[in-house]
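Undergrad: Use the sequences and the hints to build the structure in full.
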Amino acid sequence: MLSGSEAAKAFRLAGVSHVVWIPDSELGAWDASLAAAGTPALIRAAREGEAVGIAIGLMLGGRNPVVVMQCTGLFEAGDALRNAVHDLGMPLRCIVGVRSWKAFRAGGTVDTCPQFAEPILHAWRMPFAWLDDAADASALAGLLAGAERTRSPLAVLIGE
Amino acid sequence: MAMSLRDALEPLAPLRGRRVVVSTMASVAVWPQLSDGPFDFAYMPSAMGQGPALGLGLALARPDRGAIVLSGDGSLLMNLGSLATIAACPAPLWIVVLDNGLYEVTGGQPTAGAGRVDFAALARGAGIPRAYAFSDLADWRRRAPEALDGEGPVLISLKIEGRMGQKTPKPPRPMQDQMRRLTEALAANDGAG
Chain A
274 MLSGSEAAKA FRLAGVSHVV WIPDSELGAW DASLAAAGTP ALIRAAREGE AVGIAIGLML
334 GGRNPVVVMQ CTGLFEAGDA LRNAVHDLGM PLRCIVGVRS WKAFRAGGTV DTCPQFAEPI
394 LHAWRMPFAW LDDAADASAL AGLLAGAERT RSPLAVLIGE
Chain B
46 MAMSLRDALE PLAPLRGRRV VVSTMASVAV WPQLSDGPFD FAYMPSAMGQ GPALGLGLAL
106 ARPDRGAIVL SGDGSLLMNL GSLATIAACP APLWIVVLDN GLYEVTGGQP TAGAGRVDFA
166 ALARGAGIPR AYAFSDLADW RRRAPEALDG EGPVLISLKI EGRMGQKTPK PPRPMQDQMR
226 RLTEALAAND GAG
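Protein chains in written order, with our numbering: chain A, 274 to 433; chain B, 46 to 238.
Some chain A residues near chain B, calculated using beta-carbon distances under 8 Å:
| hint | residue |
| --- | --- |
| 1 | Glu-323 |
| 2 | Gly-330 |
| 3 | Leu-361 |
Simulated DEER-style distance windows between Cβ atoms:
| hint | chain 1 | residue 1 | chain 2 | residue 2 | range |
| --- | --- | --- | --- | --- | --- |
| 4 | B | Asp-109 | A | Asp-409 | 36 to 42 Å |
| 5 | A | Thr-382 | B | Gln-78 | 51 to 57 Å |
| 6 | B | Gln-154 | A | Pro-400 | 33 to 39 Å |
| 7 | B | Gly-152 | A | Asp-406 | 51 to 57 Å |
| 8 | A | Ala-308 | B | Glu-206 | 42 to 48 Å |
| 9 | B | Asp-109 | A | Arg-317 | 21 to 27 Å |
| 10 | A | Ala-305 | B | Glu-206 | 46 to 52 Å |
| 11 | A | Thr-312 | B | Asp-109 | 17 to 23 Å |
| 12 | B | Ala-58 | A | Arg-317 | 31 to 37 Å |
| 13 | A | Gly-380 | B | Asp-109 | 52 to 58 Å |
| 14 | B | Gly-195 | A | Ala-376 | 50 to 56 Å |
| 15 | B | Pro-83 | A | Thr-312 | 28 to 34 Å |
| 16 | B | Asp-181 | A | Leu-286 | 54 to 60 Å |
| 17 | B | Gly-172 | A | Ala-396 | 32 to 38 Å |
Read the hints as simulated data drawn from the structure, not as lab findings.
Even for Gly, the Cβ is constructed at its ideal location relative to N, Cα and C.
TA: If you want it as structure tokens, here you go:
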């Protein structure tokens, strides 16, 4: 998985103005690097649906945010995501940590989270792409910048 | 004197200044009668409870303008954590809570904690130092200039009359038209007066 400094570099390369986030147990390791970087600005939200709402406002105001959350938060944020992507037609970009994904793929977890990440995104008609463990900052930046260029919503999934 | 929804909103119109006004739920039916320019954004269709979050994003994106969010009490109850986020992100944001104790647009069912929740106290407890509560119209009119002046974030809780049998309001224009005129107006007034 990307280090915090690589993630911060990716956000800068993609022209991200704000990272609106609620950390999870793996993405949380980015916190110190994101906070120290200063750019993009780090906004700590209280709940994932709220993070999507903040991103909507930032986009209406001409800024270029990314929401970072765990898949459990994605599940909670469903109505906010539906509103952003389908009611408002916003090119919302998210990074979603998929808890227990690697153990799930190996058949070694009772965690139900990873079963639902992809089906939920399909249900909300939210395009997504996986970022593999070997990916570097430019790979993440490319995904984010590509979505921004085409004005398309995108969830970047990171298996945990 | 108890306030109607319109009574509660009227003092805001001449005092809003350059701020974007985001109306939600019941206020979508009334605010356009008071102001309907490009910086008035009727957030409908919405995700209920996300008005303050959207307003925070707008205020952070455009601190030269700031935002006023008109939220129902039921809506804010759905997203109370946003008060903590707002407190942590100093921005020119005013949250106006229109507290009638009802889910008005669904027919008038009581909200959880109707008549008991003190939104100004919740805001202070979340770390928003400037929080006001008004239940008397004359008092609200007298102190509105103070409440809407200075730096944000600010929460203003207004106790208003509940109305039964209201239908879900219709926004003054389709969402895509609203978004276009707001974003164009913001771009055309990028940091200008």
